[in-house]
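Enquirer: So the chains spell out like this:
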Amino acid sequence: MSAQPERRVSALDISIVLFVVLAVGVLGGGLAAVLLRNVIHSAVAMMFCFGALAGTYALLGAPIVAAAQVLIYLGAISVLILFAIMLTQAGDANLPAPFQRQAPVAALVALGIVFLVGWAIVSTDWPNATVVIAVDLNKLAAAIFNDYALPFEIVAFLLLAAIIGAIYLARRPEEDERAN
Amino acid sequence: MDLPAYLFLSLALFGIGAFGFLARRNAIMMLICIELMLNAVNLALVAFNAFDYGATNDAGAVFSLLIMAVAAAEATVGLALVIAIIRTRQTPEVDEYSDLKE
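Chains A and B, in that order, are what the protein sequence lines are. Going letter by letter, the first sequence gives residues 103 to 282 in the numbering used here. Going letter by letter, the second sequence gives residues 1080 to 1181 in the numbering used here.
One chain only, chain A, in its complex shape (with noise of 0.2 Å):
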């Protein structure tokens, strides 16, 4: 116990700069995403996005939720974005406007949301908001399949559900014919 307040001032420092790079790289990768023209960049730059919230989550002490964020976000759902966007737009010489007319307001909104919950961050006291507790994975599993059994198994029902009628919508209806 006599060596853990140096160890923790090192680890502080590393992790001031690791989350300077990594709230860089987020908040880089998300307003890229938004505000380029090519659908394919904004992908790409949403893919970043969400490999530094990986290192992120890492960095917050729950690597299982950094492996499923790369798992779940940059490699199936970003995959899925791809997919859709080629199967769309195939070869865009000339891109339309990427903003519609309200972007003005719609960048008031969004400013009003941030300035309204970031009062809400700096009003309020928070007493034991500085060292990071790591996820115990043995205790997250357990609280996984005892506590949370139940929306475990609605999600995967979910899934199916969402499967089944991804199929059904993304179907053209000719081949209802054809196969009759």
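For the record, the hints were derived by calculation from the structure and aren't laboratory data. Hints are supplied without guarantee of correctness; some may be wrong.
Just the calculated beta-carbon pair ranges, DEER-fashion [as the list claims (entries may be wrong)]:
1) A:Phe259 to B:Lys1180: 44 to 50 Å
2) A:Leu173 to B:Thr1167: 20 to 26 Å
3) B:Gln1169 to A:Leu239: 48 to 54 Å
4) B:Val1149 to A:Asp238: 22 to 28 Å
5) B:Arg1168 to A:Met188: 15 to 21 Å
6) B:Gln1169 to A:Ala251: 42 to 48 Å
So, partial list: chain B residues that the calculated Cβ filter (under 10 Å) puts toward chain A [what the hints assert, rightly or not]:
7) Asp1081
8) Leu1101
9) Ala1148
10) Asp1174
Yeah, the Cβ is synthetic: ideal placement off N, Cα and C, and Gly gets one too.
Start from chain A and add chain B according to the hints.
Expert: Relative to chain A, chain B alone:
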């Protein structure tokens, strides 16, 4: 870093996603912005969990994992809907989908 820093990062990402959702014209871009907002909420949950705010049994981490699964389901159905509507209307621009207005 302390909790408010992570909360501000999450809030900034949510604001970026909200702006993009309201301002972009492309339907797939709107889905990307929804994903950004969901990720921002996940970051806030994991941060609350890490700094031990009412997180018995690592509830924040469990919630973030469940939200990822729900987000995957949402992306699947959302992209199927977008592909179906682009196939019938031949355009991804959402302000072209205005038949009910007329």
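Enquirer: Compare the structure with each hint and give your call.
Expert: Hint check results:
no. : hint                              : in the structure
1   : A:Phe259 to B:Lys1180: 44 to 50 Å : 37 Å, violated
2   : A:Leu173 to B:Thr1167: 20 to 26 Å : 34 Å, violated
3   : B:Gln1169 to A:Leu239: 48 to 54 Å : 49 Å, holds
4   : B:Val1149 to A:Asp238: 22 to 28 Å : 24 Å, holds
5   : B:Arg1168 to A:Met188: 15 to 21 Å : 18 Å, holds
6   : B:Gln1169 to A:Ala251: 42 to 48 Å : 46 Å, holds
7   : Asp1081                           : 5 Å, holds
8   : Leu1101                           : 3 Å, holds
9   : Ala1148                           : 5 Å, holds
10  : Asp1174                           : 6 Å, holds
Violated hints, listed in ascending order, are 1, 2; each of the other numbered hints is respected by the structure.
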